[in-house]
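Go by the hints and put chains B and C onto chain A.
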Amino acid sequence: MTRGEPTALERFINGILPENPVYRQLLGMCPVLAVTNGMKPAMTMAGATAFVLILANIMISLMRGLLKPHLRILVFTLTIATFVTIADRLLAAYMYEMSKQLGPYVPLIIVNCLIISRCEICASKQDVRVAVADGVGMSLGFALALASIATVREILGSGTWLGLPVMPGFWPNWGIMVLPPGAFLTLGLLLGMVEWVNQARAKKAGKRE
Amino acid sequence: MAEAPKSRNFIGQAWLVILLALLYGGALATVHTALSARIAENKRNETYSVIPILVEGADQSMTAEVSVEGQNGKELTVYRVLDSGGHHRGWVLPAAGQGFADQIEILIGLDAEVSTIAGLYVLGQKETPGLGDYITGEGFRNRFRGKPTDRPLVVVKSDPKANNEILALTGATISSESVSGIVNRALANLKGPIRQLAPGGGEEQDEASSPADRQGETGP
Amino acid sequence: METLTGLVLIFISAALINNFVLHYFVGVCPFLGVSRKIGTAFGMGCAVTFVISIAALLSWTLTYFILRPGAPLPSWVWAVAGGNPATTVDLSVLSYIVYIFVIASSVQFVEMYVRKFFPALYKSFGVYLPLITTNCAILFACLEIMKHLQDPMRLWGLHEALALAIGGGVGFTIAISLMAGIREDMDICDVPKPLKGAGIALIVAGIMAMAFMGFTGVQNGVETALSSLLR
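Chains as they are written, first to last, in our numbering: chain A, 1 to 209; chain B, 1 to 220; chain C, 1 to 231.
The shape of chain A in the complex, shown without the other chains:
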């Protein structure tokens, strides 16, 4: 490793905020929009994605020395699809209600670009320790992003958070927030907000110099 690859700790921290998969890399938009109408489905989704991401990272990292470059993507896809099937069966067996509510979005984890990009960028180049740290960090970042959108949508749209009522009784539920348009609007505005904070910080740093 001549070129300095990031260490385990750097990978872990990068995943949470500096390289947040949703807000900075715009990866995995489909579940981010589809399952964030409540905290419960969003957290289940984050858990399932974390399960697949971490296990796929470990597997790929373990066999990184054996990978043929042109068969790389095939092996990644095979690994991811297997773990997604296992996650899907586990959900159906132990959280049937949730699995029914998430419906096709659990199998759609297979085509979540986040996982394949992590396999390609990190797991196929670095050892298991780093791969696990990267998987956990990215999963936390993904969960954080899902949680932020789900919080806004559930509180405004149903007046609850994780199913518990949080808004006063006179609060009129904004039905639109739990419907598809609410997903696009919330994510658009949150992205704008994150970008605004970043630009403000960059400006401050620029002034100081």
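Hints were generated in silico from the structure; no laboratory data involved. We put the CB at the ideal spot given by N, CA and C, even for glycine. Honestly, I wouldn't trust all of these hints.
What the hints assert, rightly or not - Some chain A residues near chain C, calculated using beta-carbon distances under 8 Å:
no., residue
1, R24
2, L26
3, C30
4, G47
5, A50
6, V84
7, M95
8, I110
9, V111
10, V128
11, L185
12, G192
13, Q199
Unchecked claim - Derived lysine-lysine pairs resembling DSBU-like cross-links, with alpha carbons at most 30 Å apart:
no., chain 1, residue 1, chain 2, residue 2
14, C, K193, B, K43
15, C, K147, A, K40
16, A, K100, B, K157
17, A, K207, C, K193
18, C, K147, A, K100
19, A, K100, B, K43
20, B, K157, B, K43
21, A, K40, B, K126
22, B, K126, B, K74
23, B, K74, A, K40
24, C, K193, A, K203
25, B, K157, B, K126
Quick look at chains B and C alone, frame taken from chain A:
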């Protein structure tokens, strides 16, 4: 002669993929054998747990699955509902159709003579929150209770007068119409075949006694 | 006649009412990524429609004959191998893996075929083909078809599967072309700096989704109109 190095080359290139395929296949087979019974149980419970809501006096453990060929020629599973004494109480049929936003899946309970609707339950829907999703509420579902099966249901916006009229939900007429449409279609398709399964009168006694016998066998 | 009405309803539902992008959120990545110019957006839409139809054809065939619970082929093999005839052979645990490879190989196949036989067509949308493998819209269509084949109550035929796939592809094309048209005009607008790029695109998509919500409930009218027309 040229075959051998070529095939060795192929194995050399692909042995990892083949090995992984076998490994993952094994893993999937294990997961499937371990969990499929539980998943099937979950799916079954989804229907069975609401049967007492649909048909009064029903005992879930006594329900039997019956295969029926509908008028459209497709084979369907319906549920014959018995009470704890083994007496025939009615039928539960699954039905589905397009709602206002997405598919609506319902279960329809019928009385023993297939002459009135005994109950209705919504298994899955994605109607507008705060308007159409009230179709899952008891208030709306009870509007179907006791309606006749011989005439199609009609959704009305003011007080229902005729026996087969259903009061629509305020602001969700289309959702209400979708549900009654699903009921009408399911009844038109399955009413006749189910009636043939259960000829009334004396024969029903025979049918009712056989599951009771079965229970006697498995009981102790 | 009932079948035809059913097909039209599936098509309209996939294209407009439950639009793949604006209702199910599948294919959002290309929807945001390849929607800067109307020409390229339309090319992408056509490529997706093309691949989605082929993937639907293959996945319906595989699911119907091999993967669904109690499918004919494995049942026959099971019976020949001397297995207990009472057990239902269920290979659906393999579905996801099979689908993803069906999609990947049909993308490859379509690319080669189009390059060889339709060079003009390849020039217009061939470049987008490799990108499509990770487009969730195609896997989503396969999954919807699988859902309908597992449920004996509404066992779909091939024609219904194709109606869904083509409807979904057309819906994707409509959404991405409209989006590109709006974004072309937005280039000359004064968008707040933090919202530039993905932010404003998502907000526009939200407003489009609201407009598409107007289609919900259309199917009852369409059904009545069709049945009176065909009578």
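Now for the hints, and whether the structure bears them out:
no.	hint	in the structure
1	R24	11 Å, violated
2	L26	6 Å, holds
3	C30	5 Å, holds
4	G47	18 Å, violated
5	A50	18 Å, violated
6	V84	6 Å, holds
7	M95	18 Å, violated
8	I110	5 Å, holds
9	V111	5 Å, holds
10	V128	24 Å, violated
11	L185	4 Å, holds
12	G192	4 Å, holds
13	Q199	6 Å, holds
14	K193/C - K43/B	51 Å, violated
15	K147/C - K40/A	24 Å, holds
16	K100/A - K157/B	33 Å, violated
17	K207/A - K193/C	19 Å, holds
18	K147/C - K100/A	12 Å, holds
19	K100/A - K43/B	10 Å, holds
20	K157/B - K43/B	36 Å, violated
21	K40/A - K126/B	17 Å, holds
22	K126/B - K74/B	26 Å, holds
23	K74/B - K40/A	38 Å, violated
24	K193/C - K203/A	13 Å, holds
25	K157/B - K126/B	22 Å, holds
Against the hints set out earlier in the document, violations occur for numbers 1, 4, 5, 7, 10, 14, 16, 20, 23.
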